[in-house]
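At the far end of the sequence shown sits residue 274, using numbering that gives the first Met the number 0, and the numbering has no gaps.
Honestly, the hints are just simulated from the structure, not real lab data. Treat the hints with care, as some may be off.
No more than 30 Å apart at the CA atoms, straight line, and that leaves these computed lysine-lysine pairs for DSBU-like [what the hints assert, rightly or not]: (1) K135 <-> K212; (2) K135 <-> K66; (3) K75 <-> K101.
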Amino acid sequence: METEQQVKHAAAMQNNSSTTPASLSALEKLPTEVILMIGSEVCPLHFMVVTLVSKRLRSVLLPRRFKTLEFSGSLKRLAHDMKSFLSGDLKHLMMTILPTLKSVTILFKPYTHAEEITDLHLSTHRFAVVSEFISKLSAVDLISFENIIDREDIDFAEGLGNTPKWNGPKSVIFCGRRNLPIFSALINQFAPNTVKAVELPRFTAKNHPLTLKSAFPFLKGLKADLSGFHAPSRTLACMNNNLIQAFNFFFPHLEALSLIIWIVMRWGREVAASM
Numbered sequence: 000m001e002t003e004q005q006v007k008h009a010a011a012m013q014n015n016s017s018t019t020p021a022s023l024s025a026l027e028k029l030p031t032e033v034i035l036m037i038g039s040e041v042c043p044l045h046f047m048v049v050t051l052v053s054k055r056l057r058s059v060l061l062p063r064r065f066k067t068l069e070f071s072g073s074l075k076r077l078a079h080d081m082k083s084f085l086s087g088d089l090k091h092l093m094m095t096i097l098p099t100l101k102s103v104t105i106l107f108k109p110y111t112h113a114e115e116i117t118d119l120h121l122s123t124h125r126f127a128v129v130s131e132f133i134s135k136l137s138a139v140d141l142i143s144f145e146n147i148i149d150r151e152d153i154d155f156a157e158g159l160g161n162t163p164k165w166n167g168p169k170s171v172i173f174c175g176r177r178n179l180p181i182f183s184a185l186i187n188q189f190a191p192n193t194v195k196a197v198e199l200p201r202f203t204a205k206n207h208p209l210t211l212k213s214a215f216p217f218l219k220g221l222k223a224d225l226s227g228f229h230a231p232s233r234t235l236a237c238m239n240n241n242l243i244q245a246f247n248f249f250f251p252h253l254e255a256l257s258l259i260i261w262i263v264m265r266w267g268r269e270v271a272a273s274m
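Take the sequences, apply the hints, and build the full model.
Now the structure itself:
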């Protein structure tokens, strides 16, 4: 239960931010998977506001900060770590944390030179392990795929093609480098209409929605990066009529569309401006 001091602090922060009661009310009515997609890059100030003044948003966004599991490495490393959770030393831990787990992040790194020479023929088996692990996450709210592979040495479509489809999570974030073959392979591995909210990788708002539409025509939430669009201002880029019409045509069931433009500040740091 909030203390009087917390309530006053939240009210003061709300007065000093662009967050309004109307915007909070609209957010609270959205499905959980859409809220997670929108809140994936909320700045610290706005995160404090929404989690203090809204019990609904607090119950969705706060657990993700603490109940998350991250994997990082080459396909060889990922398969090794995930197999430990499936049938190895960490199986009991997996059974313990899975009922309360809220989000999982998987970072795909390229094979090392040594792994390319000796292990490339084992990719199919390793994809099967990774796919089996993800198939256990249907009750998890959010999964993030981060990719820093810019080559096509590993065929994700072939590796995942013979594995069972995934029935979740319902909210998926794609980040990292642009790689349409990897994006297509991952998005098509989900069972039809399983995913309800998606964040596209950066600089892919023009091309990736076509692939997304074929897999999830009933998408409810979408976040797209417009940094690659040329416009006099970021506001005009986000209000581009042709772009809005295209999203509306591709995804007529959208309940939330979040458009982001990354801005490089003078000191070199990138910040996201969203609409």
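Hints the structure fails to honour: none
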